[in-house]
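Peer 1: Taking the hints into account, I'd like the entire structure generated from these sequences.
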Amino acid sequence: MTEAKLAGSASDRRPTLIDFDTVLESFDPAMGLEVHVELNTATKMFCGCPTGFGAAPNTQVCPTCLGLPGAMPVVNGKAVESAMRIGLALNCEIAEWCRFARKNYFYPDMPKNFQTSQYDEPIAFDGYLDVDVDGETFRIEIERAHMEEDTGKATHVGGTTGRIHGADYSLIDYNRAGIPLIEIVTRPIMGAGEKAPLVAKAYVSALRDLVKALGVSDVRMDQGSMRCDVNLSLAPKGSGALGTRSETKNVNSLRSVERAVRYEMSRHAGILLAGGKVLQETRHFHEDDGSTSPGREKSDAEDYRYFPEPDLVPVAPSREWVEELRGTLPEPPAGRRTRLQAEFGFSDLEMRDVVAAGALDLIAETVEAGTTPQAARKWWMSELARRANDTGVALDEVGVTPAQIVEVQRLIDDKTINDKLARQVFEGLYAGEGTPAEIVAARGLAVVSDDGALTAAVDAAIEAQPAVAEKIRGGNHAAAGALIGAVMKAMGGQANAARVREIIMEKLA
Amino acid sequence: MPELSRGEVRHLADLARIDLSDAELDHLAPQLNVILESVASIQGVAGDDVVPTSHPIPMTNVFREDVVVPCLTPEQALAAAPEREDDKFAVPRILGDEQ
Amino acid sequence: MSWIRKTAAEQADALAAGEVTSVELVQAHLDQIAATNGDLNAFLHVDVPGALAQAAASDERRSAGSPLHALDGVPIAIKDVLTTEGLPTTAGSRILEGWIPPYDGTVTARIKAAGLPILGKTNMDEFAMGSSTENSAYGPTRNPWDHDRIPGGSGGGSAAAVAAFQAPLAIGSDTGGSIRQPGAMTGTVGVKPTYGSVSRYGVIALANSLDQLGPVTRTVLDSALLHELIGGHDPKDSTSVPTPVTGLIEAAREGAKGDLSGLRVGVVKELQGDAWAPDVVERFEESVDILKKLGADVVEVSLPSFVHAMAAYYLILPAECSSNLAKFDAMRYGRRVTPEGSPSAEEVMKVSRDAGFGDEVKRRIIIGTYALSSGYYDAYYGQAQKIRTLIIEDFRRAFESVDVLVSPTAPTTAFPIGEKVDDPLSMYLQDLATIPANLAGVPGISVPSGTSREDGLPTGVQFLAPVLEDARLYRVGAALEAALLEQWGGPIVPAAYQSKESS
Numbered sequence: 001m002t003e004a005k006l007a008g009s010a011s012d013r014r015p016t017l018i019d020f021d022t023v024l025e026s027f028d029p030a031m032g033l034e035v036h037v038e039l040n041t042a043t044k045m046f047c048g049c050p051t052g053f054g055a056a057p058n059t060q061v062c063p064t065c066l067g068l069p070g071a072m073p074v075v076n077g078k079a080v081e082s083a084m085r086i087g088l089a090l091n092c093e094i095a096e097w098c099r100f101a102r103k104n105y106f107y108p109d110m111p112k113n114f115q116t117s118q119y120d121e122p123i124a125f126d127g128y129l130d131v132d133v134d135g136e137t138f139r140i141e142i143e144r145a146h147m148e149e150d151t152g153k154a155t156h157v158g159g160t161t162g163r164i165h166g167a168d169y170s171l172i173d174y175n176r177a178g179i180p181l182i183e184i185v186t187r188p189i190m191g192a193g194e195k196a197p198l199v200a201k202a203y204v205s206a207l208r209d210l211v212k213a214l215g216v217s218d219v220r221m222d223q224g225s226m227r228c229d230v231n232l233s234l235a236p237k238g239s240g241a242l243g244t245r246s247e248t249k250n251v252n253s254l255r256s257v258e259r260a261v262r263y264e265m266s267r268h269a270g271i272l273l274a275g276g277k278v279l280q281e282t283r284h285f286h287e288d289d290g291s292t293s294p295g296r297e298k299s300d301a302e303d304y305r306y307f308p309e310p311d312l313v314p315v316a317p318s319r320e321w322v323e324e325l326r327g328t329l330p331e332p333p334a335g336r337r338t339r340l341q342a343e344f345g346f347s348d349l350e351m352r353d354v355v356a357a358g359a360l361d362l363i364a365e366t367v368e369a370g371t372t373p374q375a376a377r378k379w380w381m382s383e384l385a386r387r388a389n390d391t392g393v394a395l396d397e398v399g400v401t402p403a404q405i406v407e408v409q410r411l412i413d414d415k416t417i418n419d420k421l422a423r424q425v426f427e428g429l430y431a432g433e434g435t436p437a438e439i440v441a442a443r444g445l446a447v448v449s450d451d452g453a454l455t456a457a458v459d460a461a462i463e464a465q466p467a468v469a470e471k472i473r474g475g476n477h478a479a480a481g482a483l484i485g486a487v488m489k490a491m492g493g494q495a496n497a498a499r500v501r502e503i504i505m506e507k508l509a
Numbered sequence: 001m002p003e004l005s006r007g008e009v010r011h012l013a014d015l016a017r018i019d020l021s022d023a024e025l026d027h028l029a030p031q032l033n034v035i036l037e038s039v040a041s042i043q044g045v046a047g048d049d050v051v052p053t054s055h056p057i058p059m060t061n062v063f064r065e066d067v068v069v070p071c072l073t074p075e076q077a078l079a080a081a082p083e084r085e086d087d088k089f090a091v092p093r094i095l096g097d098e099q
Numbered sequence: 001m002s003w004i005r006k007t008a009a010e011q012a013d014a015l016a017a018g019e020v021t022s023v024e025l026v027q028a029h030l031d032q033i034a035a036t037n038g039d040l041n042a043f044l045h046v047d048v049p050g051a052l053a054q055a056a057a058s059d060e061r062r063s064a065g066s067p068l069h070a071l072d073g074v075p076i077a078i079k080d081v082l083t084t085e086g087l088p089t090t091a092g093s094r095i096l097e098g099w100i101p102p103y104d105g106t107v108t109a110r111i112k113a114a115g116l117p118i119l120g121k122t123n124m125d126e127f128a129m130g131s132s133t134e135n136s137a138y139g140p141t142r143n144p145w146d147h148d149r150i151p152g153g154s155g156g157g158s159a160a161a162v163a164a165f166q167a168p169l170a171i172g173s174d175t176g177g178s179i180r181q182p183g184a185m186t187g188t189v190g191v192k193p194t195y196g197s198v199s200r201y202g203v204i205a206l207a208n209s210l211d212q213l214g215p216v217t218r219t220v221l222d223s224a225l226l227h228e229l230i231g232g233h234d235p236k237d238s239t240s241v242p243t244p245v246t247g248l249i250e251a252a253r254e255g256a257k258g259d260l261s262g263l264r265v266g267v268v269k270e271l272q273g274d275a276w277a278p279d280v281v282e283r284f285e286e287s288v289d290i291l292k293k294l295g296a297d298v299v300e301v302s303l304p305s306f307v308h309a310m311a312a313y314y315l316i317l318p319a320e321c322s323s324n325l326a327k328f329d330a331m332r333y334g335r336r337v338t339p340e341g342s343p344s345a346e347e348v349m350k351v352s353r354d355a356g357f358g359d360e361v362k363r364r365i366i367i368g369t370y371a372l373s374s375g376y377y378d379a380y381y382g383q384a385q386k387i388r389t390l391i392i393e394d395f396r397r398a399f400e401s402v403d404v405l406v407s408p409t410a411p412t413t414a415f416p417i418g419e420k421v422d423d424p425l426s427m428y429l430q431d432l433a434t435i436p437a438n439l440a441g442v443p444g445i446s447v448p449s450g451t452s453r454e455d456g457l458p459t460g461v462q463f464l465a466p467v468l469e470d471a472r473l474y475r476v477g478a479a480l481e482a483a484l485l486e487q488w489g490g491p492i493v494p495a496a497y498q499s500k501e502s503s
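Line by line, the protein sequences give chains Y, R and S. Anchor point for the first sequence: position 240 equals 240 in full-length UniProt numbering, and the numbering is continuous, going up by one each time. Anchor point for the second sequence: position 92 equals 92 in full-length UniProt numbering, and the numbering is continuous, going up by one each time. Anchor point for the third sequence: position 439 equals 439 in full-length UniProt numbering, and the numbering is continuous, going up by one each time.
Not one of these hints is a red herring.
Sample of chain S residues with no beta-carbon within 10 Å of chain R, all distances over it, derived: (1) Q27; (2) V48; (3) I249; (4) E254; (5) A256; (6) D274; (7) K292; (8) E300; (9) L484; (10) E486; (11) G489.
Reference listing, derived: stretches of chain Y covered by chain S, where coverage requires no fewer than 3 residues with Cβ under 8 Å from a Cβ of chain S: (12) 64 to 75; (13) 101 to 108; (14) 112 to 121; (15) 311 to 317.
Quick partial rundown of chain Y residues pointing at chain R, CB under 8 Å, derived from the structure: (16) T41; (17) C49; (18) N58; (19) T59; (20) D168.
These aren't lab readings, by the way, just hints derived from the structure by calculation. All C-beta atoms in this analysis are idealised placements derived from N, C-alpha and C, irrespective of residue type, glycine included.
Peer 2: The structure is reproduced here in C-alpha cells:
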C-alpha cells in the first residue's frame, strides 16, 4: 500500500460541504446504524477471564482469549441470555437454532486472527425500536442482533501523532480480547429527511436506555462499552432508491452520531452535485471538528471467509427459555416515560428536559426515596446538572445520592436551612464531608431564628438606613426588602428571612 | 474447476499472510492444481436436499456458568512473546485500520 | 526378559505386585530411548529429570498403599500436538520451536492425575499434516522395521516409539488416520475413539471437527486401559460428549477369549480393489477368515459415498486448518522473522509464516483459503459438508445390518522415505480407508494383521463401529489379536528391536 493511498485523495482532504438545507432540496438520506454493546457479564464470551475495566495490562488473559495453541472456547450462557433479552426488548424473533462462525482476517489485536462471531444465523432478528423526535415517532427496523467477541487494545508508540499511521511500533494488551459484544444492526432508515441526524441520535439514545434498563451492559460510550458505526447514503429526492454508502466507524457519543450524519450528508451531496461518485469506504470520525476522513483501503477486499466455528456447537434456545426471558423484561422505556410523566405531573417541556438530561431514573429514585417529584426535579435539573456540567461527568456520577437529596429537602422543609444554604450543603457533599446534617452542623449553616440576635441585627439595619425605615413607616411595606437584605448580609445568609420580616414590621409598621 | 494461475496462488497466499517466493510459487502452484482437480470431483454430488454437517456428533446448547476462573499471570502470558515492553506485547507498526 | 518388552498391563501388574519400581521402569525406557532414538528420531524431546521425578513420586504412593490409578507409574509418551505445561510443544513445526506452554491439555492433566510418568514428546508431521512423519520440521521418524522407511503419519513418532520399546504407551491424534495408519505401518495397535469422547482441549487443532486423541500401544488391552483413562466428558471442550466411556477393558478381556459368535462383521466393498497392494489384501483376507472361524458372521456391505470421502476430507480439513493456523503470526509467541528495513506487522507476519511453515502446511492453507473464499464456498466447503452427511447416512445404514465394519487399515506397507514427499495426492491415498471414520465421527481401531510376504513389513486391519460403541472395537480387536498371536507364537517385533535375551 502506498503512502499516497494512506493520505487519501485530494477531494477527501478538502471535501466540498453542501449546506444542510440545500442537501435536502436534492436528496433523501438513508442511514444504517451498527451498534456494538459490550455486555457486563462477569466473564468473557468464551472463557472464564474477568471483564473489569481498567485492570493492569495482560492480567485478564488465559490460553483461550490469548489464542494459545490447543485452547478451546466455551460459550458463556449468561451472555447468550443477555443477547436474547436484548433481542426480545427490540421486538426481535429469537432463532430456534443458530451457530457461531469464524470471521477470518489478520490483525495483531486479534489473538486467533479470526473473530468468533455470528454470520448468517444471528441469535435475534427482525425487530424494531420506536423513537420519538419532536413528537414524531419513527420506527427503526432492526435487521439482527448477534453475539461476538471484542479484540485486544493496541497502543501506538513513536511517530509524531501517537496515532496508528506513522507509529514506530505498537503495544498490545489483550485484557479486552474476548469480552462479549452484541452487535445490533438496523435496516436502512429512510424517510427521516431533515430529521435524519436527530433520528440517528434518538435511536442510539433510546437503544442505550433500553440496554441500560435491561441491566446487561454499562452502555458507557465514553469507556467504549457502547460503540456506534454510522452508514450513510444519499439518493435523488423522491427516487426511493439507495445510494452508495460510507461507513463511519467508532462514533462514540450521542452528539457525535448526530454530527457524523450531518457531516456525511453534506459531504456526499458535495460529491454528487459535482457529478462525482461516492466511494463505498470506511471513514473515521473526528471529535474535534465533527468531520470524517477516509480509512486505509483494504487489500483483502473484505473476504472474511466465514464458516461455522467447529469448536462450538449450535445454540438452540427452547421456546420455554425464550418465554421465561420475555417475562424478565423491564417496562419498555417509552411506556415507562409516559407513566412517570403522569405520576409526577411534569409538563411536556419539563419531561423533555428531564429525559434529555438523563435525569429521569435519578428523579424516579429520589421520589422513591421520599420526596416530591417537583423537589427532586428542581435539584437534579439545577444544582446537580450545573455540577455535572462544570466537572464534565454524567449526572449519576456527581457524587450525590437520591437519599441525600431527600435529607437536604427535609432540612429545608423543617426550616433548618433555606435553599441558598442548601447549595453549601451540596458543596459539602461533593467534598465528602459527611451526611447533610453533619455538614450543616460542621459548617454552621443552620438558619438563625433566635429573636435576640435577629432584633439586634434589625435595629442595626434601621439605624444604618433611616430613609428606608421612614418609607416603611409611611406604609411602603415593599421597601422592607432592602432591610431584610441588609440583615441577611450581616448574618451571612443564615437568618430566617420570614422572621426578620415579622420583626421589621413589628418595629416600623 | 478453473486452474489457479500463479497470480491467484499469490493472492491466496497474501490472504493467508504467507510470503511465497517465486521459487515456491513455481513449486507449489502445479501441486495445488493437481489437488484442486482431484477434490473438484465432489461438485454436484449432493443435491439441495442434503443438509450439510458441520459437527459429526449433533449437540446443542453447551454453555458455561458466568463464573471467573484464574487467569494466567502476565509473566506466563508474555513468556513466549517475541518482544515485549513492560507487560504488553510489542509488535511492529500496524498498517491497516481496525475492523 | 527386560521390562521394556512387557505390555503396559504387565508393567502395571508388576508394579502392583512390588516386582519392580516405577523408577526402574522409567529408567529402562529412558535407556532404550538413549540407545535407539538417534536412529529413529521418534522423540523430539525427552524429559529425563521430569520422568524420573514423577516415577519416584509414584513409587512413594505405591509404598504408602495409595496409587492414583492402575497405571500409576507406567511410563507414557505424548505426541507433540498436545500441550504439556513446562515441556516444549512444537507440533513438529519450526514456527513453534522452543514454545513451552503455560498450561496442560486435558489429556495431559488426566495422565498426570493418574500418576503416569511422561517420558517426552514424540515426533509428527508438521501440525499433523501428512502420512509419513516426513513433514516434521525436525527430521523424519524412521520405521523400526526398516530405518529407510516411513513409520506412517502423522503420528509416526508415537507409533515408532511404542514399536521400538521406547514406551509401552503413547498418545496419538487422528484426524484422517494419523493413529491407525502408523499403527499398521509399525505393527502396533492404534485407536481413534468416537469424536468428542476424548477431550481435545490442549490439542493443537488441525481440523477441529475431525481431530481426536487416542491410544497407541502394542496390545488391544493396553489401548483399552489408556482409552478409559483419557476418555470422558470435559467441560473445557464444547464438543465433548456427555456420555462416559466405559466397558472397554472388559470388552478387550472378553474378546481375548476368542468367541465372536453372533457378531456381524461387514467387509466394506468400497475399500477393496486395485488401490490395495496384494500383500496387504492377502493378510486382510487371512484376518477375515480368522474372524469367521471365531464365529463371526461376515458379509460384504456397500457404503457408496466413501468414494467421495477423500475429496470431502481434503476440502474440510484445509478449510478448518487455514483458519486454525492463522494464530501462528509471530506476534504473541512463536518464531518471529523480521525482514530488513522497518517492516510492518503485516510484513513480519508474512515472512515469519513463510519461514516457519513447511510445504505441506502451505499447500493446505492455500487450498483452505480458496475453498472458503466467497464465490467458492458453496461449491467446495458447502458441498464437502454435504458429502459428510451422505457418509454418516451410509454408516447408519450399514450398521443396521452389521455390528462392525472391517477393511485393511492402509493400502500399502511402509514406503521408502522420500518416495512421496513431492507427490501430495499419492501421499493422501494412504488414508483412503481411515478418513471416512473421521468425517462421520465413528470410532476405529487398527490391529496388526501380520507381515507382508513381499517385504516383511507389517500390515494392519481396521475395524469401525457406530458412534459411542467403541467397546465393540476392543472385543473384535482383542479376539483377532489373540488368534493371530497364537498363530505367530508371540507378537511380531521388528528384527532390530528383538530382545537379545529372548531371541
